[in-house]
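**Student:** So the chains spell out like this:
There are 2 protein chains.
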Amino acid sequence: MAVRTPGDYYVSDVYSEPVKLANAKLQLVNSSPDPPAIADESSIDGVPIVSTNPPNIAIKTSNCVCDKSESQQPLERQRTIDTLQSTFVPNKPLFNDDVIIFLITPTYTRPTQMPDMTRLGQTLRLVPNVFWIVVEDAHNQSKAVENLLRRTMIPYVHLLGPRPPTHMDQRSGRGVSNRLKAFEWLRANYGGTNQKGVIYFADDDNAYDVRLFDEMRDTQIVSMFPVGLISTLGLSTPIVNHKTGKIIGFHDPFIGRRKFAVDMAGFAVNLQFFLQSKKATMPYKVGYEEDYFLKSLDVKIWQLEPKAKNCTEVLVWHTKTKPGDKPNHNMMIKVTNYNETNLPSLYQNVMET
Amino acid sequence: MAVRTPGDYYVSDVYSEPVKLANAKLQLVNSSPDPPAIADESSIDGVPIVSTNPPNIAIKTSNCVCDKSESQQPLERQRTIDTLQSTFVPNKPLFNDDVIIFLITPTYTRPTQMPDMTRLGQTLRLVPNVFWIVVEDAHNQSKAVENLLRRTMIPYVHLLGPRPPTHMDQRSGRGVSNRLKAFEWLRANYGGTNQKGVIYFADDDNAYDVRLFDEMRDTQIVSMFPVGLISTLGLSTPIVNHKTGKIIGFHDPFIGRRKFAVDMAGFAVNLQFFLQSKKATMPYKVGYEEDYFLKSLDVKIWQLEPKAKNCTEVLVWHTKTKPGDKPNHNMMIKVTNYNETNLPSLYQNVMET
Numbered sequence: 001m002a003v004r005t006p007g008d009y010y011v012s013d014v015y016s017e018p019v020k021l022a023n024a025k026l027q028l029v030n031s032s033p034d035p036p037a038i039a040d041e042s043s044i045d046g047v048p049i050v051s052t053n054p055p056n057i058a059i060k061t062s063n064c065v066c067d068k069s070e071s072q073q074p075l076e077r078q079r080t081i082d083t084l085q086s087t088f089v090p091n092k093p094l095f096n097d098d099v100i101i102f103l104i105t106p107t108y109t110r111p112t113q114m115p116d117m118t119r120l121g122q123t124l125r126l127v128p129n130v131f132w133i134v135v136e137d138a139h140n141q142s143k144a145v146e147n148l149l150r151r152t153m154i155p156y157v158h159l160l161g162p163r164p165p166t167h168m169d170q171r172s173g174r175g176v177s178n179r180l181k182a183f184e185w186l187r188a189n190y191g192g193t194n195q196k197g198v199i200y201f202a203d204d205d206n207a208y209d210v211r212l213f214d215e216m217r218d219t220q221i222v223s224m225f226p227v228g229l230i231s232t233l234g235l236s237t238p239i240v241n242h243k244t245g246k247i248i249g250f251h252d253p254f255i256g257r258r259k260f261a262v263d264m265a266g267f268a269v270n271l272q273f274f275l276q277s278k279k280a281t282m283p284y285k286v287g288y289e290e291d292y293f294l295k296s297l298d299v300k301i302w303q304l305e306p307k308a309k310n311c312t313e314v315l316v317w318h319t320k321t322k323p324g325d326k327p328n329h330n331m332m333i334k335v336t337n338y339n340e341t342n343l344p345s346l347y348q349n350v351m352e353t
Numbered sequence: 001m002a003v004r005t006p007g008d009y010y011v012s013d014v015y016s017e018p019v020k021l022a023n024a025k026l027q028l029v030n031s032s033p034d035p036p037a038i039a040d041e042s043s044i045d046g047v048p049i050v051s052t053n054p055p056n057i058a059i060k061t062s063n064c065v066c067d068k069s070e071s072q073q074p075l076e077r078q079r080t081i082d083t084l085q086s087t088f089v090p091n092k093p094l095f096n097d098d099v100i101i102f103l104i105t106p107t108y109t110r111p112t113q114m115p116d117m118t119r120l121g122q123t124l125r126l127v128p129n130v131f132w133i134v135v136e137d138a139h140n141q142s143k144a145v146e147n148l149l150r151r152t153m154i155p156y157v158h159l160l161g162p163r164p165p166t167h168m169d170q171r172s173g174r175g176v177s178n179r180l181k182a183f184e185w186l187r188a189n190y191g192g193t194n195q196k197g198v199i200y201f202a203d204d205d206n207a208y209d210v211r212l213f214d215e216m217r218d219t220q221i222v223s224m225f226p227v228g229l230i231s232t233l234g235l236s237t238p239i240v241n242h243k244t245g246k247i248i249g250f251h252d253p254f255i256g257r258r259k260f261a262v263d264m265a266g267f268a269v270n271l272q273f274f275l276q277s278k279k280a281t282m283p284y285k286v287g288y289e290e291d292y293f294l295k296s297l298d299v300k301i302w303q304l305e306p307k308a309k310n311c312t313e314v315l316v317w318h319t320k321t322k323p324g325d326k327p328n329h330n331m332m333i334k335v336t337n338y339n340e341t342n343l344p345s346l347y348q349n350v351m352e353t
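First to last, the protein sequences are chains A and B. The numbering of the first sequence is full-length UniProt numbering, which starts it at 1 and goes up by one. The numbering of the second sequence is full-length UniProt numbering, which starts it at 1 and goes up by one.
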């Protein structure tokens with residue numbers, strides 16, 4: 001297992017040009033006739049570095065916001081943003097002094113994948129200091145997913161975690177192989193480091209209020225919060241005694257033999273607590289993934305940290321996007337003069353995987 | 001009909017403290033132990049002004065990004081953003097010199113409303129210079145929607161456009177009364193002005209790639225683009241002759257008697273063109289809303305402007321969120337010591353409408 005210390009190569013590279021970074025000035029120009037700024041993709045040892053500029057921002061070099069040339073511009077024409085650019089290396093771990101939220105998102109190719117991943121990626125652009133671990137249930141990386149990750153401009157790793165042939169049955173369920181792959185990557189890249197972090201399972205079709213990420217950021221061991229739209233009860237939530245502020249049980253449509261009757265989106269785990277729990281794993285067992293994972297962490301009910309105002313607010317929903325149809329090529333080619341139109345290119349772009 | 005000229009009260013108020021605005025400095029502190037900055041809600045004639053600070057940003061006053069005290073902070077601890085704050089008055093029109101995108105969103109109370117509106121609102125936070133016209137199919141404003149609009153921090157008006165009793169049948173469809181109300185508001189507030197703008201129908205459950213809004217921003221008359229996940233064809237798109245770059249027809253699962261066989265999410269209209277088309281309206285006729293509206297604008301096919309790389313890219317999807325159940329209070333109150341737990345408050349918060 002590779003062991004890295006924080007900043008062993010990442011931070012030092014960023015610091016190699018501190019003056020350039022400190023002086024970078026971004027000027028946001030609405031409806032500019034110029035094309036949008038293209039990400040500066042230089043490289044370290046052949047690995048591209050992507051600068052995370054806010055959208056629609058053209059770069060202009062200047063040191064001071066109080067330059068007269070700018071303050072004379074009318075308010076409606078521009079908002080001026082000075083910022084230190086944050087940089088990341090795609091598919092490499094991120095190290096810094098703050099708490100990083102590691103979002104583990106299992107995904108697979110289907111007609112609703114791009115809209116679901118687009119919504120999630122855009123949501124994450126509003127969250128500071130996140131790292132997106134996207135794991136496909138596939139043997140080859142999807143080009144569409146890779147392009148989306150590059151566009152979204154948040155630090156990420158794009159992994160493959162195909163479901164093994166031994167677990168293709170209905171009782172095994174989706175997403176476990178993906179999450180196990182993410183565990184492996186986290187242990188390989190953060191084991192032996194003291195990076196502060198929180199792990200959260202962010203399925204690609206749920207809906208997240210960005211305030212959720214503020215809530216989970218100070219998770220010490222395992223934090224929990226309500227999830228909306230869970231089956232017949234309409235939600236799943238820890239039960240909190242409002243005198244003690246402690247979690248005492250669970251209100252969930254499916255209790256079964258579960259000690260922790262929670263949804264996958266209903267809890268977050270401290271990174272170092274996870275890394276120290278060497279036996280932490282997730283079983284291929286539909287309905288029991290969360291419970292067995294939490295049991296494998298050896299967390300006690302009294303240690304659970306209720307969030308979202310003592311579990312009185314819903315900030316995440318277990319939404320499901322209705323399945324949709326793929327573009328129908330047989331119908332498309334019936335269009336008169338098909339080859340002289342946009343349709344061949346459109347079909348090719350939409351079917352890109 | 002009230003006629004306003006640009007800036008008749010809005011811009012002048014903003015300019016009343018230009019120095020304060022120009023010098024406002026925002027410092028983004030990740031994982032700060034301090035509580036997040038609260039929106040500055042002062043008021044003009046009793047109407048609150050909301051400052052649109054980026055999320056998790058604490059305000060610090062300083063004039064220059066090159067202050068030594070800041071450049072000595074480590075990179076991981078802070079990103080420094082200097083910006084002119086943009087301000088808006090809730091429920092009042094916005095005027096400025098740039099193109100404003102007016103998004104018309106019909107909505108109604110249902111268990112999936114908050115997750116859908118949350119995703120859309122968060123997407124719009126990434127788009128510069130938008131104005132969100134949210135119209136409820138209801139006789140009373142939903143408190144949950146109002147709170148969401150205030151949180152989202154983008155300029156908005158919150159209107160009511162209930163479906164009239166004469167159009168409650170299945171052939172009338174949802175959303176028309178809402179959009180007609182939005183037309184009325186636009187004419188009342190922008191008629192007689194020369195505000196530059198684009199009108200777009202953004203239903204609350206679709207998925208939008210933020211690049212779509214860049215595409216539509218320079219709409220001169222009516223622009224069009226493909227929409228994904230439309231029924232059995234998997235998409236709806238204008239057909240573009242790639243030699244002339246002109247729209248020559250439509251590829252859509254439902255052609256019927258439609259001249260413009262497009263989805264509601266597949267086109268945008270120039271604000272001034274709409275305002276000058278005095279007869280522009282939308283019929284209560286399921287399947288024909290888009291077609292009749294475009295016909296009422298008296299736009300010609302040769303005038304249509306193809307966007308999204310000549311209609312070869314899908315940047316918006318007609319996603320549908322599966323309906324969900326409301327929280328089940330009868331089951332909740334069976335929990336032992338119900339009144340001593342978080343459940344009563346959680347139920348009250350989730351059921352807030």
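Simulated from the structure, these hints should not be mistaken for laboratory data. Please note that a few of the clues may not be correct.
Identical copies carry no separate label here, and so any pair may be met within one copy or between two of them.
Stated by the list, open to error - DSS-like cross-link-like pairs, simulated, lysine-lysine; straight-line CA separation at most 27 Å:
(1) 143 <-> 320
(2) 300 <-> 320
(3) 334 <-> 92
(4) 322 <-> 285
**Student:** Checking each numbered hint in turn, tell me which of them this model violates, lowest number first.
**Tutor:** Checked against the structure, the hints that fail are numbers 2, 3, while the rest are satisfied.
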